[in-house]
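Asker: Single-letter residue listing:
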Amino acid sequence: MYFWKCWRDTRVSFYVFLFIAVTLAAFLMMDFTMSGAPPKETFAAAWMMLVFASSTLLSLAGISFGATGIGEEFAHKTASFLLTKPRSIRYFVWTAWTANAVQFLALTASMVLVGASILSWRCHVPVTGRLLLAFAPGLIMTFLLFGVTYLLGVLHKNGRNGFLSSLGVVIVFPIICSTVAHFWQIHLPSPADMYSMGMSDLILHPELASNLPHFWPLVGWLLVALACPFIAQLVLERTEV
Amino acid sequence: MNELAIDTKDLAKTYGGVRAVSGINLAVPRGSIYGFLGRNGAGKTTTTKMLLGLVRPTSGSARVLGMDALSEHTAILQRTAYVSEKKTLYPAMTPSELVRFSRGFYPTWLDSAVEKYARLFEIPMKQRFEALSNGNQTKVWLLLALCQGADLLILDEPTTALDPITVDQLIHVLAEDALDRGCTIFLSSHQLEEVEHIVEYAGFIDHGRLLMEGRLDDIKSEFRLITAAGRSLPAQTSPQVLSVDVEENFYRYVVTKDAEGFAAELSRNGATVTSVTTLGLREIFLQVIGKEQ
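Chains as they are written, first to last, in numbering that gives the first Met the number 0: chain A, 0 to 240; chain B, 0 to 292.
The following block holds chain B by itself, in its conformation from the complex (with noise of 0.2 Å):
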């Protein structure tokens, strides 16, 4: 068996001359919270509609589940639950119609979980999915895709219009009932915050390319931030130096491999290190997306 949830060779998607996703190489592990994390318009969206057999790749090939996402991907979406990043449903049905127009095209329907997620997400299932807040129309997409027993859980930007709350359920909620099932997540977002708790995996997007994937705490351990104070110490940035912030006499570096033996190089040339820590997944974003630019 496949170990890959997601497993993308050189996925392309060209728009009119315009490249949207540039050669992008996935591995998702199976039964992972995984996060996709870019920028708007990073090219986050086209690449979840490529797994899902929305848009034809231009170039490369995609396996979701062990499937071709081209020529199986009725099978993949057998299995796969959806949110997409435009919460739009039909405007005069209520939730609960919702329900019982998505229960019947899957076999793995878990009947249970609607009425349990509605009571935990406060959802209004009688009243018309147009006079829901956008914080609700939110969760009843949620509450459709967490109800399917599906495999594979894919989430365009799934915190979209929710409140600081129920971003705390849904986190919960994704990381102990799905992952109880064995379910792997793939959670695009750009809201790093929200998403840091839970992803186990990152890959960084950003212009159409995939910057950087791998294990979160790995990716973290690859980061350091030196505060030193000294005169005259060096404001380079190299490959090894991310950035430099000056202000008198303190200086703050961002460096990536071999921290300690940068921080040992600045005390040889008279600086005092005061700290050595690690950044969080936002300042790493930042600082990937920075030395891309």
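Okay, chain A solo, but in the shape it has when bound (with noise of 0.2 Å):
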């Protein structure tokens, strides 16, 4: 019902952005396999590349659909259709939750699939599971942007302004941080802390590129991304419609 309700708000964007991960990671490692470097450290590179990339394609999935949510039903009027079906509020914010869980862990599994497989088919080395942990932040990444869209989407009652101010957070958050570390030298918590290196890390020292996440960050903000559905709800259950 609910389920397959939200399925079919996003699945046109889904199978759009299934359509761009499983180029994108095809694209990424056959360009990196061409390359003449050994096939170790081509193999540790194009491995965070494929990182990074899923990471970028999958907050935008997450941004583009928390927009859909309950904040969208307000903004079109069908709030009183769909809040008097006899479910709680609390279903209809876990169950969208769900759904869009889902999309994202067929995105991501999608990208790895395929990445993995050019991979190991060019270098010869195994995907390990130490290697599949390098794609929690990216998830919990995702995870965090869907809620905190579809949390802005229900305060604004109107999910196109939660995409908006989503995507102001977005940009103003690091700002912030980096203008606070470099005046008043203090280290805000920022998802980019979960990750184990930077982008620039990582042409520089290739090797790191097995380096595991970092665990606390993760767990942090695992539980901020789960915060957000969890506040909607609240708000949600206090809002006349």
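None of these hints come from the bench; they were simulated from the model.
All of these numbers come straight from a predicted model, not from anything done at the bench.
C-beta atoms are modelled at their ideal positions from N, C-alpha and C, and glycine is treated no differently.
Careful, some of the hints might be misleading.
Listed below are the simulated DSSO-like cross-link pairs for lysine-lysine, each with C-alpha atoms no more than 30 Å apart in a straight line [claimed, not checked]:
| # | chain 1 | residue 1 | chain 2 | residue 2 |
| --- | --- | --- | --- | --- |
| 1 | B | Lys85 | A | Lys76 |
| 2 | A | Lys84 | B | Lys219 |
| 3 | A | Lys4 | A | Lys76 |
| 4 | B | Lys8 | A | Lys84 |
Simulated restraints on C-beta separations [to be verified]:
| # | chain 1 | residue 1 | chain 2 | residue 2 | range |
| --- | --- | --- | --- | --- | --- |
| 5 | A | Phe18 | B | Ala74 | 43 to 49 Å |
| 6 | A | Val101 | B | His171 | 53 to 59 Å |
| 7 | B | Asp167 | A | Ala226 | 53 to 59 Å |
| 8 | A | Phe18 | B | Ser58 | 54 to 60 Å |
| 9 | B | Gly289 | A | Tyr90 | 46 to 52 Å |
Could you fit the two chains together into a complex? Lean on the hints.
Answerer: This is the structure:
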């Protein structure tokens, strides 16, 4: 029912993202493995490139899908139809979360499958569970952005405004973090803390690619990502239609 | 078992200091058709939404099908079908898809009724909702509500944008199919002529206050239009005389309570009472609202 509706709302975007994900993964891996570098170094760098590409793509999907939540029902004046169905607000919020989470996992899996297949074939290096963990920060970032967009959509009672506000957060938050760090030498927690290395490190030290993501920031941001739909639920339970 | 399908006690709602609904006491008997009648902005929709748990009352309480409207609203929604004042649904879905979406929520869903009402109301089931005419959009709402197999139908302005033939069909469906199943129908409307033929009970609401409630026949029996001819007859309103229209020597009195006594008094004053007739729902409504203003 509602799960089907959530899928129906995002399926076109999902197919577009899936196409981009598969194409991008294939293109990046083929491009990297064509270079004359030794297979092991090529593998590490290509793997991390795949991780960053999937993080970026999934983050876009997270923001985009988050805008299709209940906030949009208020904007389209369909909230009185949906919310007179005999289900709790909790059901609607977490069903939407689950439907979208499945799509994010499918997108990640498609990139991993395509990327890992090409890399294993070209570099003869097996993909281990440890390497798969490198995708965790990207997924959590996606859930975070989905949750923030969903929550802002509920607060605005408009998914599109939630989307724009969320984009604002994505742009402004890193600026605030770097400003505070620059002028007051205070490190604000940022989702970037989840990654064991940045893009610049990857270029200089590709051997670091197999480092695990940072555990506590991972857990912390996962909790924040889960808190957003929970807050949206609490807000909706107090919202009048 | 509670004999009232809807029972409110001093139900009130205030928006930023403005009283949308002022302590109304509704008593809607089970298995009846109740007309909740009022002008635009009278407080009908706010009251309806409080019954469904979509709006929280500022004070007072409401019980629907014997359950508390706030704490048990999910259980109420399981047995209640609702047609909203705003007939908006998912624009990209077809009526067939909306049926598919809705049916899973209700174990009492009547699959056989879908085809029947789709044919009766001539709904194009494969056309996107946004491409339907306003009338057809309203019909889709009605179809979804009627197929739910609910014990209570709450219809907020259900005849919006409907042509007279469809209104007639709807009245027929409500009066026969829904009532046959023992369903209670709570009909909120300002289209008095349309609902007059089917409502059994009526409540008049204006400025958030319930001005009058009761069995429609009882309400009608309270009001009389007396036409009299004569010179210098009383032309003032009073608690008994709601209005007086004077045209030369002809007087039209709308009287509540003891119309016969009033007519006899007119005759004693030398008037010729030409008729004492009952009033239609519309006239009564206008008199009641006019009196309050």
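Asker: It remains to establish, for every hint, whether it holds in the given structure.
Answerer: Hints, one by one, checked against the model:
no., hint, in the structure
1, B:Lys85 <-> A:Lys76, "holds (8 Å)"
2, A:Lys84 <-> B:Lys219, "violated (37 Å)"
3, A:Lys4 <-> A:Lys76, "holds (16 Å)"
4, B:Lys8 <-> A:Lys84, "holds (25 Å)"
5, A:Phe18 <-> B:Ala74: 43 to 49 Å, "holds (45 Å)"
6, A:Val101 <-> B:His171: 53 to 59 Å, "violated (46 Å)"
7, B:Asp167 <-> A:Ala226: 53 to 59 Å, "holds (54 Å)"
8, A:Phe18 <-> B:Ser58: 54 to 60 Å, "holds (56 Å)"
9, B:Gly289 <-> A:Tyr90: 46 to 52 Å, "holds (48 Å)"
Checked against the numbered hints given earlier, the structure breaks hints 2 and 6 and satisfies all the rest.
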